[in-house]
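The residues making up each chain are set out below.
Protein chains: 2
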Amino acid sequence: MDAAEFRKRGKEMVDYVADYLEKIEKRQVFPDVEPGYLRPLVADCAPQDPESFENVFKDIEKIIMPGVTHWHSPYFFAYFPAASSFPALLADMLCGGIGCVGFSWAASPACTELETVMLDWLGKMVNLPEEFLAGKDGQGGGVIQGSASEATLIALLAARTKTIRQVQSEKPELTEAEIMGRLVAYASDQAHSSVERAALIGAVKIKNVPSDDTFTVCGSALKKVLDEDKAAGLIPFFFCATLGTTSCCSFDKLLELGPICNKENIWMHIDAAYAGSAFICPEFRHLLNGVEFADSFNFNPHKWLLVNFDCSAMWVKKRSDLIGAFKLEPLYLQHHHQESGLVTDYRHWQIPLGRRFRSLKLWFVLRMYGVKGLQEHIRKHIRLSHQFEHLVLQDERFEICAEVVLGLVCFRLKGSNELNEALLKSINDAKKIHLVPCHLREKFVLRFAICSRTVESTHIKFAWQHISQLATDLLKTWGQNHHQQ
Amino acid sequence: MDAAEFRKRGKEMVDYVADYLEKIEKRQVFPDVEPGYLRPLVADCAPQDPESFENVFKDIEKIIMPGVTHWHSPYFFAYFPAASSFPALLADMLCGGIGCVGFSWAASPACTELETVMLDWLGKMVNLPEEFLAGKDGQGGGVIQGSASEATLIALLAARTKTIRQVQSEKPELTEAEIMGRLVAYASDQAHSSVERAALIGAVKIKNVPSDDTFTVCGSALKKVLDEDKAAGLIPFFFCATLGTTSCCSFDKLLELGPICNKENIWMHIDAAYAGSAFICPEFRHLLNGVEFADSFNFNPHKWLLVNFDCSAMWVKKRSDLIGAFKLEPLYLQHHHQESGLVTDYRHWQIPLGRRFRSLKLWFVLRMYGVKGLQEHIRKHIRLSHQFEHLVLQDERFEICAEVVLGLVCFRLKGSNELNEALLKSINDAKKIHLVPCHLREKFVLRFAICSRTVESTHIKFAWQHISQLATDLLKTWGQNHHQQ
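Here the protein sequences line up with chains B and C, keeping their order.
Everything in the first sequence is counted per this note's numbering, starting at 781 for the first residue and increasing by one.
Everything in the second sequence is counted per this note's numbering, starting at 781 for the first residue and increasing by one.
A few of these clues could be false.
Identical copies carry no separate label here, and so any pair may be met within one copy or between two of them.
Claimed, not checked - Straight-line distance between alpha carbons at most 16 Å, and here's what the computed EDC-like set of lysine to aspartate or glutamate pairs gives:
#, residue 1, residue 2
1, Lys1194, Glu1176
2, Lys803, Asp782
3, Lys904, Asp1007
4, Lys791, Glu958
5, Lys1211, Asp782
6, Lys788, Glu802
7, Lys904, Asp824
8, Lys1152, Glu831
9, Lys1212, Asp812
10, Lys987, Glu802
Just so you know, the hints here were simulated from the structure itself, not pulled from any lab data.
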């Protein structure tokens, strides 16, 4: 395919994508296919000779679309939102066209420099303390990671290296292996599984800190486990606070936890993967109070800020801590100039070496929506979640299971877990809307997450009427079959 | 921006990208900007109100392009190629439009299933042993990682977990920390820095295996270091063989190394990040002989197979080894059905949780080029590298520093490192072409990598004439200034 054909086909693809997104409501949100559906539809091996674009293009509707879960359908209420917007799609086209690999400043200066400045823009939008910004000569700064999992892992590894060095300088008789054996990381029992995974990768212990009745970790809970572990000779080194847990969007108490971490010399990382985008609204910024105690902070514009995946924003107060985790050579650490001023080599901030020009997406979205446009998007989602909450509360058969703070509603039928599992199954089998469940303590709970950029009040009303009707149908037969159990 | 405006702007962007790539020769391959150039050109913070597309669009040429290193210019001979093709750009547009997050089968079945099948296609193209393919009920299979660094890390972590379990079952008196303290990974002294980094992240020792005069690791070198380490009570567990080293594209001797690793129960991972694409040509496939001894194999279609970044293809013989590295619960490991047959949850195969629909790029490229078209691309690059090699060999002032096997030529002026550093500086200062250097033992060497999809014989001739002229100029003054030194 030459440039001339690309002009033609590219424009057809633009129209296809526009059509797909404009008419996505008409597609069934969850596919009908069974595992293994695709293999029989394609050849056994790649063709020897080139096929035409038309041939490939017609297979999109024939082979791909029947197996797509439509994340941008206004009837998709599962997981968390996956951001998507037209400015971000345009920026990604440009990113692909430029096709540079920005692992160092010299590999494409614009790629590195726009990223640093965009992370400053975004940091200011959520009113991060100055120390987290790169500015012209700051010690901190931001980076785009692929995912919150990577951000958590990077933070944990940086904390691990920092702590090992500190302990070694205080107690030179201890080997690195002995220190590693005593390190402990902490996170809420409500934290995302990626925190436990980071500890597994980093080969350090991790312990759950019990959350309270509101699924929140408070200072006393952390203090208690720290005291026990220190008494047992362990070395607490890392705490991952969650703002907006995956299950129910609860918030750990940063203002209590931060001072404890600072006093105990524990790296505090904040995972606000979903909730972080809401902090651009002044009325929700208080949820981030206490970030001033943190060493690193992360949220995903690719979840809720209309920037297509992948764009996970991470900030640190001391970039030298991150870089130090991967570059252990003393020689390197002497070159403070390289990483404290104008030249940033982002390869030292991340797991992969290569990196795309992802800041273009932020640049396009922040400018073409403006802060106000993005605030409007966040506020609409939160209005809609309260609308759904209100509908649930009006129905005595149902209960709300956790405070609705942002765009997630956790609810269930009053009754057994089996009943609620049956309700979810009937919802997802009908395939008119799509939800996923969670466990809150022993309770099986349905999560209703406001996801699509184009979801409106009518979709919420439809979803509730549908759920309510399915509940009615279910309770009829359930009453007959399960009454005596 | 609504769908109607996206149709308009998307088509403008298609034309912009087509223009950029068609006329890229006219742009200076390496930018003139100094560190910090970009910040003064943009606002201090994001705008409150939306800006127009026109406003943003005109800033591409004004702010971004002056700082771009043009990786797809036919005058770019630095690093390794970054793949780019029109079919891949089209597929990425579709990927962005669909915008699903394919962390599990259910999150978008097509995303998971196409990936599994495409990795089978690609595996067959390089004639991988059957064990590495998923097929309908294989124990192996492929996955798209973001980068070779991630593939190496994942392989090392899988090997670590597997070895710890084995050792624990044989010697239950050893703690996990004690075992960890004895584990050793190995790689060539020519291996990519990401291997050392993987060991650093995984908190295990790593040792260099000395390469020979041709920068190749042979069996006896590995055997020697293994014997020493085992005698010292260490536990060798992982060897990363390199096919196509970054410095000079040398190849470790798999047929000697593989049987040693198998006998010693050491996980052999093959990093063929750059070279792997060449194995689709039968005349280069012999370089991969010995892969049958490996546990995992990786190469980057996003380097040399015309699939835009990121698309790093990784295969394993036993998918349960990968999954086991991240999911330690015995309960999980009992569910063999989940991961041995039709349902694959790729989140267990990688570091991040989220993942884009990257297999679309492979599907578009493999079909629209066909195997023959891709072979042609590889062969053209290798012809051009030999053309450059030939030109270097005809000039007595220069020497070739390593065998030219694929698309990389390592060369230098006969003389001191200082002289060659000065030559490279004069080349990169002139900015007509762009190269990067490497060290081969004590020698400072210039790397001439065939990179662009559109590079032709005329560009090679131009590059050589340019280098040759700069050398002549340099040697004139160098003779005067350095003759007596």
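**OP:** Could you tell me which of the numbered hints above are not met by this structure, giving the numbers in increasing order?
**Re:** 3, 4, 5 and 10
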